[in-house]
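Enquirer: Sequence:
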Amino acid sequence: MPTWGEILTELKQTEENGGKPPYDPVRRKYMASTYKKTGRNTILYATKWTQASDIDPELLSITDEDVQGLMEVIHGLKGPNLDLIVHSPGGSPEATEALVSYLRTKFNDIRVIIPQSAMSAATMLACASNRIVMGKIHLLAR
188 MPTWGEILTE
198 LKQTEENGGK
208 PPYDPVRRKY
218 MASTYKKTGR
228 NTILYATKWT
238 QASDIDPELL
248 SITDEDVQGL
258 MEVIHGLKGP
268 NLDLIVHSPG
278 GSPEATEALV
288 SYLRTKFNDI
298 RVIIPQSAMS
308 AATMLACASN
318 RIVMGKIHLL
328 AR
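Every letter in the sequence shown is one number past the one before it in the working numbering, and letter 30, counting from 1, is 217.
Hints listed in this document are in silico derivations from the structure and should not be mistaken for laboratory results. The reader is advised that the hints may include incorrect statements.
27 angstroms max Cα-Cα, derived DSSO-like pairs, lysine-lysine [what the hints assert, rightly or not]: (1) K323 - K224; (2) K293 - K224; (3) K199 - K224; (4) K323 - K293.
Pairwise CB distance ranges, derived in the manner of DEER restraints [said to hold, decoys possible]: (5) A315 - L264: 15 to 21 angstroms; (6) I230 - E197: 32 to 38 angstroms; (7) G263 - V320: 24 to 30 angstroms.
A virtual CB, placed ideally from N, CA and C, is assigned to each residue, including glycine.
Using the sequences and the hints, build the whole thing.
Expert: Structure (structure tokens):
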């Protein structure tokens, strides 16, 4: 897998050639690569919460609406294994509990990967998994 710097270079090359950075295609490419390496369903749950923006903070947090969204994403995936990549400031503990309950109806083995930070209720989500994979400088916090 490439480093974050290598992914940024890949995105910038497209932008320099007159196009918009292909965020979604690049994201999908590396998620597919992860699936090929692990053989596990792979889902990304992330928000742009570490950068200043005009977006309402509520929209960047785990909410009840996320449960429905997750059900849509998971529909049709076969268990028993899931890799859930999480980068979130947290949010509603009740919504997180509902997410975990639903995930557990579909998957026996859940591995959470923290590429940067999982705070508050996102930490709860990570702790409800079978395993957490993260670097030494990445964060879990209440």
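Enquirer: For every hint, state whether the structure bears it out.
Expert: Verification of the hints:
About 23 angstroms separates the Cα atoms of K323 and K224, which keeps this hinted pair within 27 angstroms; it holds. Taking the CA atoms of K293 and K224, the gap is near 21 angstroms; set against the 27 angstroms cutoff, the hint holds. Under the criterion of a C-alpha separation no larger than 27 angstroms, the hint pairing K199 with K224 is consistent with the structure, at around 26 angstroms. Distance hint between K323 and K293 is unfulfilled; the C-alpha atoms sit about 30 angstroms from each other, more than 27 angstroms.
Checking the proposed 15 to 21 angstroms range against A315 and L264 shows it holds: the Cβ atoms sit about 18 angstroms from each other. At roughly 22 angstroms, the beta-carbon separation of I230 and E197 lies outside the given 32 to 38 angstroms, and the hint is violated. Against the hinted window of 24 to 30 angstroms, the Cβ-Cβ separation of G263 and V320 comes to about 25 angstroms, which satisfies the hint.
Of the hints listed earlier, those the structure fails to meet are numbers 4 and 6, in rising order.
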